[in-house]
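Okay, here's what each chain looks like letter by letter:
Number of protein chains: 2
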Amino acid sequence: MKLATLKNGTRDGRLVVVSRDLTRAIDAAPVAATLQQLIEHWDDLAPGVQSIYELLNAGTALNDFPFDPAQAMSPLPRTHQFVDASAFLNHGNIMEEAYQLSVKKTPGIPVLVQRQSDDFWGPCDDYPLVEADHGDFEGEFAVIVDDTPMASTPEVCASRIRLVMILNDVSMRAHLFRELQMGFGFINAKPATVFGPVAVTPDELGEGWGADGRIHLDMNVSRNGQWFGEPNGREMDWSFGELLARLGLNRNLRAGTILGTGTVSNQAARTVGSACLAEKRALEKISTGDSITPFLQLGDRLRFEVFGADGQSIFGAVDHQFVPFKAEQ
Amino acid sequence: MKLATLKNGTRDGRLVVVSRDLTRAIDAAPVAATLQQLIEHWDDLAPGVQSIYELLNAGTALNDFPFDPAQAMSPLPRTHQFVDASAFLNHGNIMEEAYQLSVKKTPGIPVLVQRQSDDFWGPCDDYPLVEADHGDFEGEFAVIVDDTPMASTPEVCASRIRLVMILNDVSMRAHLFRELQMGFGFINAKPATVFGPVAVTPDELGEGWGADGRIHLDMNVSRNGQWFGEPNGREMDWSFGELLARLGLNRNLRAGTILGTGTVSNQAARTVGSACLAEKRALEKISTGDSITPFLQLGDRLRFEVFGADGQSIFGAVDHQFVPFKAEQ
Numbered sequence: 001m002k003l004a005t006l007k008n009g010t011r012d013g014r015l016v017v018v019s020r021d022l023t024r025a026i027d028a029a030p031v032a033a034t035l036q037q038l039i040e041h042w043d044d045l046a047p048g049v050q051s052i053y054e055l056l057n058a059g060t061a062l063n064d065f066p067f068d069p070a071q072a073m074s075p076l077p078r079t080h081q082f083v084d085a086s087a088f089l090n091h092g093n094i095m096e097e098a099y100q101l102s103v104k105k106t107p108g109i110p111v112l113v114q115r116q117s118d119d120f121w122g123p124c125d126d127y128p129l130v131e132a133d134h135g136d137f138e139g140e141f142a143v144i145v146d147d148t149p150m151a152s153t154p155e156v157c158a159s160r161i162r163l164v165m166i167l168n169d170v171s172m173r174a175h176l177f178r179e180l181q182m183g184f185g186f187i188n189a190k191p192a193t194v195f196g197p198v199a200v201t202p203d204e205l206g207e208g209w210g211a212d213g214r215i216h217l218d219m220n221v222s223r224n225g226q227w228f229g230e231p232n233g234r235e236m237d238w239s240f241g242e243l244l245a246r247l248g249l250n251r252n253l254r255a256g257t258i259l260g261t262g263t264v265s266n267q268a269a270r271t272v273g274s275a276c277l278a279e280k281r282a283l284e285k286i287s288t289g290d291s292i293t294p295f296l297q298l299g300d301r302l303r304f305e306v307f308g309a310d311g312q313s314i315f316g317a318v319d320h321q322f323v324p325f326k327a328e329q
Numbered sequence: 001m002k003l004a005t006l007k008n009g010t011r012d013g014r015l016v017v018v019s020r021d022l023t024r025a026i027d028a029a030p031v032a033a034t035l036q037q038l039i040e041h042w043d044d045l046a047p048g049v050q051s052i053y054e055l056l057n058a059g060t061a062l063n064d065f066p067f068d069p070a071q072a073m074s075p076l077p078r079t080h081q082f083v084d085a086s087a088f089l090n091h092g093n094i095m096e097e098a099y100q101l102s103v104k105k106t107p108g109i110p111v112l113v114q115r116q117s118d119d120f121w122g123p124c125d126d127y128p129l130v131e132a133d134h135g136d137f138e139g140e141f142a143v144i145v146d147d148t149p150m151a152s153t154p155e156v157c158a159s160r161i162r163l164v165m166i167l168n169d170v171s172m173r174a175h176l177f178r179e180l181q182m183g184f185g186f187i188n189a190k191p192a193t194v195f196g197p198v199a200v201t202p203d204e205l206g207e208g209w210g211a212d213g214r215i216h217l218d219m220n221v222s223r224n225g226q227w228f229g230e231p232n233g234r235e236m237d238w239s240f241g242e243l244l245a246r247l248g249l250n251r252n253l254r255a256g257t258i259l260g261t262g263t264v265s266n267q268a269a270r271t272v273g274s275a276c277l278a279e280k281r282a283l284e285k286i287s288t289g290d291s292i293t294p295f296l297q298l299g300d301r302l303r304f305e306v307f308g309a310d311g312q313s314i315f316g317a318v319d320h321q322f323v324p325f326k327a328e329q
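Order-wise, the sequence lines are chains A and B. Quick note on full-length UniProt numbering: the first sequence kicks off at 1 and runs consecutively. Quick note on full-length UniProt numbering: the second sequence kicks off at 1 and runs consecutively.
Because the hints were derived from the structure by calculation, they are not lab data. Hints are not guaranteed to be accurate.
You can't tell identical chains apart in this list, so a pair holds if it fits in one copy or across any two.
Distance condition first, Cα-Cα at most 20 Å in a straight line; then the derived SDA-like pairs of lysine to any residue [as the list claims (entries may be wrong)]:
| no. | residue 1 | residue 2 |
| --- | --- | --- |
| 1 | K7 | D125 |
| 2 | K104 | Q50 |
| 3 | K326 | N252 |
| 4 | K104 | L89 |
| 5 | K326 | V156 |
| 6 | K326 | N224 |
| 7 | K326 | E155 |
| 8 | K7 | G289 |
| 9 | K326 | L180 |
| 10 | K105 | M182 |
| 11 | K104 | Q181 |
| 12 | K104 | R178 |
| 13 | K326 | P154 |
| 14 | K104 | F177 |
| 15 | K7 | N252 |
| 16 | K285 | A70 |
| 17 | K326 | D12 |
| 18 | K326 | P66 |
| 19 | K326 | A132 |
| 20 | K105 | R178 |
| 21 | K105 | S239 |
| 22 | K105 | L180 |
| 23 | K326 | D133 |
| 24 | K326 | P149 |
| 25 | K104 | M182 |
| 26 | K105 | Q181 |
Keep in mind the model is a prediction, meaning the values are calculated, not measured.
With these hints in hand, go ahead and build the complete structure from the sequences.
Put into structure tokens, the structure is as follows:
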């Protein structure tokens with residue numbers, strides 16, 4: 001099934017079920033009022049929501065209405081934990097080669113980054129930049145998990161995945177290199193994250209939800225209407241279950257935890273393109289000694305979208321513009 | 001006023017008002033059912049809770065009952081953002097000297113670390129260690145803030161502080177050095193955090209809530225009933241407002257955000273002691289070439305408590321034992 005959260009003036013928004021073709025929506029209440037509530041009571045509530053989804057797709061639902069992604073918040077407008085992996089080693093390798101970085105990784109242990117989760121932005125909201133220098137985007141996949149006890153196996157962790165999303169991991173590179181060198185993770189380098197309008201159960205990905213615990217679908221990225229890249233999720237160096245097991249090594253993961261993949265990146269990046277500016281700039285630097293592609297500019301419009309085998313957009317699109325920040329009056 | 005959250009089988013617990021002397025409690029409902037709800041509607045709800053607090057202290061409240069910290073969860077059992085600073089440079093300086101670390105700090109910019117906030121543990125709960133090696137504690141202060149718009153000044157940020165807490169920032173040093181060198185912050189190094197049983201408004205600290213935006217009170221730490229340290233919060237190198245302003249440089253901070261100080265540390269650490277094992281071990285290494293004090297052992301009992309000028313315990317105590325982890329059946 002497919003789910004979205006519409007703006008209604010509250011912090012957690014209004015949960016709606018969205019039709020498979022993303023054209024229609026219907027309130028998930030009274031079964032579940034918010035996505036957080038649904039995740040926390042998944043076994044009890046998901047069957048009821050699934051029934052609504054089937055009526056909606058059959059065209060026999062009452063009180064459905066057109067789905068407008070511009071009215072959507074992130075599916076979870078806030079949650080209690082967001083961890084972003086850097087699970088495509090290819091991306092890190094390109095960055096390290098271009099900039100002679102010496103990231104002291106331990107073979108076999110994935111990079112995971114604890115991230116801000118109190119204030120996600122809507123998929124079509126204008127995104128305010130307090131400072132424009134060295135802004136970047138990263139197209140990623142993410143999963144939302146149910147309660148997962150500490151020290152669970154990758155198999156148990158994988159079984160706790162409830163929903164899949166896409167996101168733009170907005171990144172301020174000027175802060176990122178400084179914070180990476182300091183060692184304590186990202187604060188100013190990673191302002192609010194923006195998730196695609198629709199969260200879907202893994203079955204909605206069809207064969208795109210691989211038996212290897214990876215997503216075998218292209219992340220289509222465009223900048224100002226021009227193709228930027230379409231790397232595939234299949235080259236992830238760890239499965240979602242493996243990433244979650246490492247995260248939960250010595251702590252419980254509670255319902256609503258979001259795990260992101262890190263920017264999608266492929267060995268064939270020179271032909272399939274990248275999902276972030278930094279990687280494209282790094283490839284340019286490796287090839288020619290110079291980065292040509294500019295960082296984010298005010299007014300830039302970014303779009304991230306993923307299509308199924310039938311050509312249907314699965315999650316809807318992150319489609320947003322970067323605008324100057326104005327302090328609240 | 002003083003507030004606690006009692007276990008009632010729910011994720012967010014049951015909000016109670018606690019008497020100034022920590023002996024009595026009373027439900028905060030129907031004014032506010034959870035601390036998250038109170039923080040989100042502070043201006044509307046806090047006066048009603050304050051009235052209950054005054055009745056409780058006067059001994060004229062109805063339906064009050066003995067306050068038992070063993071029944072307490074962390075005041076916010078979970079929240080949407082927890083960021084821990086390392087705001088006592090003295091601690092970092094000792095660590096860097098002892099272990100020849102080269103942390104590339106930028107003068108004037110505080111270390112802030114995005115942290116897990118989906119699963120805090122109760123102040124007296126047994127704390128399970130999946131692995132015992134190089135476990136440590138850190139005694140800290142923390143504040144809870146209301147909504148704070150991005151790019152706010154330190155003064156505005158300070159005005160959004162609603163409550164003060166103490167915490168034990170449980171730390172696994174074996175992972176910490178590895179993760180610090182990698183650069184992406186802490187994941188396995190920082191399992192669940194444990195806050196003291198009672199969150200209090202800043203006025204409860206009396207002159208301990210300094211005009212300089214720092215807490216002028218001793219953090220009393222004991223290990224297995226023996227004095228370990230009593231460093232004072234006044235030597236923090238940034239005020240709470242300055243730390244929050246840096247955190248909110250390019251993003252909103254939403255209601256319920258917790259900011260910790262980092263382990264309390266004083267220049268006179270050799271006489272006033274430390275609030276963590278690593279610092280004591282580092283001082284030993286600097287003095288003698290060897291660290292003698294052992295890391296956390298299974299069965300260790302830790303206690304953290306802070307007293308006001310009148311000798312009254314302000315927040316109650318984090319008082320917990322470290323036990324072997326057992327997988328759920």
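TODO: Would you list, in rising numerical order, the hints stated earlier that this structure does not obey?
DONE: Of the numbered hints, 2, 6, 8, 9, 16, 17 and 18 do not hold.
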